[in-house]
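Peer 1: Next come the chains, spelled out residue by residue.
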Amino acid sequence: MKPDQLLAPPGTGLVRVSRWSLTASGTTGSAAVALAVLAAVPYIAGGPAEQPLIVAFTFIAMASLWNLLAGFSGLTSFGQHAYIGVGAYGLYLVASHGVNPFAGIVPAAVIAGLVSVPVSALLLRLSGGYFAVASLVVAAVFQIAVTLAPSVGGTTGVTLPGLAGYSPVLREALIYWAALIVAVVSVAGVFLLVRAGFGLDARAVGADSVAAASLGVRVGRIRLIAYVVAALGTGAVGSLIALQTLFIEPTSVFSIQYSVDMLFMVLVGGMGTIEGPIIGALILFALQQWLSQYGAWYLVLVGGIAVVATLTVPRGLWGFVSARWGWSLFPVGYRVREQRTDR
Amino acid sequence: MTWVNAVIQGMLQGGIYALIACGLSLAFGVMRVVNLAHGDLAVCGAYLALVISSGLGVPVWYTLPLVLPAAFAAGVLLQVLLLRRALRGGDFATVLVTFGLSVMIENLLQVGATANDRVLSTGAIGVASLRIASSVTLPWLFVAAFLTACAVLSGLQLLLSGTSWGRKVRAIADDIDTARLVGVRVGPVFATVAGIAVATAALAGVFVGAIGNFNPLTGTSSLIFAFEAVVIGGIGSLWGTLAGGIALGVTQVVVGEINQAYAVLAVHLLFLLVLAVRPGGLFPSGAPAAAAQVIG
Amino acid sequence: MTALLEIRDLDVRYGDFQALFGVGLRVERGQALALVGANGAGKTTLLRTIAGAIAPVRGTVRYDGEDITGAPPHRRIQRGIALVPEGRRLFPSLTVEENILVGAAAAASAAWPLERIYEVFPLIAGRRRHRAAQLSGGEQQAVAIARALAAAPSLLLLDEISLGLAPKVVSQLYGTLTALRESGATLVLVEQDLGRALNACDDVVCLLEGRVALTAATSVGRAEVVAAYFGNRAEGPR
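First to last, the protein sequences are chains A, B and C. The numbers in the numbering used here rise by one with no breaks, and the one at position 55 of the first sequence is 42. If you want the numbering used here, it's the position in the second sequence, counting the first as 1, plus 2. If you want the numbering used here, it's the position in the third sequence, counting the first as 1, plus 9.
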């Protein structure tokens, strides 16, 4: 039975269930144009424009992926920065075995994904605050483990090999395109995943895992998929960061600041929507560009906004807006519309 | 240091962890709040003690009559102004709010007190040692910390089992809806529990600052250790928290004897092992622990 | 004479779902009202609204002449309303005595000290130091009633006290209720067992899908009530 038939009120004719809308088509079209423009930036504008955009792209990717975990699957992880570090060191390992560092982003991401599987076996039995703090511990363990391994530089860190042949301009441009691709793949990937059956299941699990399980949703599998996909993407972001900074050092690639940023972006932008994290990323990007010079005060502000946002707009800015006015640029749900039949 | 000395020192160290952890355990057991700013609040206690003790020129112990009530009041304010609203938003909300709060506190401390390491002036007791046997010498500071932890835990246990307030707290921890229904006023109870949690955290912070260095970021590691102690010991059991703290302390000091670099890692691995093998902890108590588990 | 409890036009919702539609009833001082109806009819919702656990979206609840519609549970207990919740809902980690003492937390008077409660329920007196979770079903139900009594109520609300218990145990409990009535208590009783409900009470209100289907004295007889229960008569109060 199709949803249309199930929902038909008796005697009034068919009801239409739509998953797309004109607005969505418009947005997708505009997004395609915007992407084309962005891809051309290295030719048009060059270095000074690329730098901040790379930051923005990594923010967008991180936010979308964290949202997949927390917003759609109910896993509030404060330890995602573990996979930034794994992605960075993964790229180092791959590059030091002769793989081109840019091509190496993919295997580095895969390494992050593989690492996340055994970790998930431990973490995914937990929920709520337990999961949050345990994920913090896992990140701490990764960081310590790296400092104890001289083959990856211990506490001092390592330099990313294999980039000697690239001129700074070319290197920058390649990182830019790589970042753009990672951001697009992350957002599109999460979008497609959530639109598919996985998405509905994941949101059910996020809302009430016991109820979802009683309806036959394979809660464990959903969480695992979400966790591994998020790790893969976050690992790719970690590789990007390594390419940018060239020097990979434990306290910086495993910095909890990444998780603070992820939390902020998704919280302020909107959990559980596709548009929300993008908005949150842009907000954080703007804040950082203007205010990070103020050091600790900037972070106080970030924390403060996070606190206020949780209490006043728990569904984030986009969540608030879309609940109020029904906007949806990238729809992932189902809209039920009565089809008016002429009487 | 001999092994016996190391184990005993580890136990005493564990007392401090238990002291930091008991507030966390109480808050979670009663209010279902995981306060991620708990460690930072403990460090605030240390900073407050620092300001008062250096301002008045006295050893840190004399500051306690000021620090503890201030911490209690801070806990009450935190509950009434922030956590009460956050609790209405569910599990997520309290975790997110306290995480944001943690970021704020750590950075405010950085602005106000710089990122430099500090230490508290402890007076004569800071350098005195207790000699138990020919090869076992224990710093008085550690002994005092452990004894204080035991005293606080005993006091809390007495309050919980012997007073009307304690009955209400346990009733709320069992079933908050029914507690409300039979007339228990949950608001005041939550406020006092929050006050006690922060006060015990501040007391622990003072000991932490007395025994070693502290800086604005010490809070996060304190939180992680506290949390690990609670989980290893078992949620809902105050003495379990002491056992968990001791397990942590002994592991840290004993492994540290072999190789200092591995000490903290060993503690984390112990925690992960307990999570994997016996998630209820050493003294599992049923319902609150089950809340941490997920079906499916 | 002012009724002890008077409810008018009560609408109660759980989110989008409406559980009660324009419910009204009166309970006179010293009377016993039986509240019957099929599962899901709204009986527990109504009792919980009277106790203050849920706020109605429309309508009033008046107790002893005073409008208590917005009052929180502890205020209602002070006024004299106590609920024995469905499923007993004892505090499992507390002992029998502690459970009862918690019930006295908001009591307005000391009319029901421990000794008096143990006189009414001698069986649980012997188990007073045992944890609530260790008791049998009948004992737990007795403790649940005792916990409500500790609040020294004038109006006692009881939700399905016979659920899951052997007939002999239920008869004992109902015997206690009779004794309570004799000492002046007013009761509202939700009960699945129609026979017992009609026997023990003066008046009956039958709910059907959130609406009042019948308000009558229990003397109207079982057949009438059964008809209202299943919706075979015109809706609305008599």
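In case anyone wonders, no lab produced these hints; they're calculated from the structure. Hints are supplied without guarantee of correctness; some may be wrong.
Some, not all, of what chain B presents toward chain A, calculated at C-beta under 8 angstroms [claimed, not checked]:
#: 1; residue: 13
#: 2; residue: 87
#: 3; residue: 102
#: 4; residue: 109
#: 5; residue: 270
Please read all numbers here as calculations on a predicted model, not as lab measurements. All C-beta atoms, glycine included, are put in the ideal place defined by N, C-alpha and C.
Peer 1: Compare the structure with each hint and give your call.
Peer 2: Verification of the supplied hints:
A distance limit of 8 angstroms between C-beta atoms decides the matter here; for residue 13 (chain B) the minimum to chain A is near 22 angstroms, and the interface restraint is violated. For residue 87 (chain B), the interface hint holds, since its Cβ comes within 8 angstroms of a Cβ in chain A; the closest pair sits about 5 angstroms apart. Evaluation of the residue 102 (chain B) hint against chain A yields a held restraint, the C-beta minimum of about 3 angstroms falling below 8 angstroms. Interface restraint check for residue 109 (chain B): the shortest CB-CB distance to chain A comes to about 4 angstroms, inside 8 angstroms, so the restraint holds.
A distance limit of 8 angstroms between C-beta atoms decides the matter here; for residue 270 (chain B) the minimum to chain A is near 5 angstroms, and the interface restraint holds.
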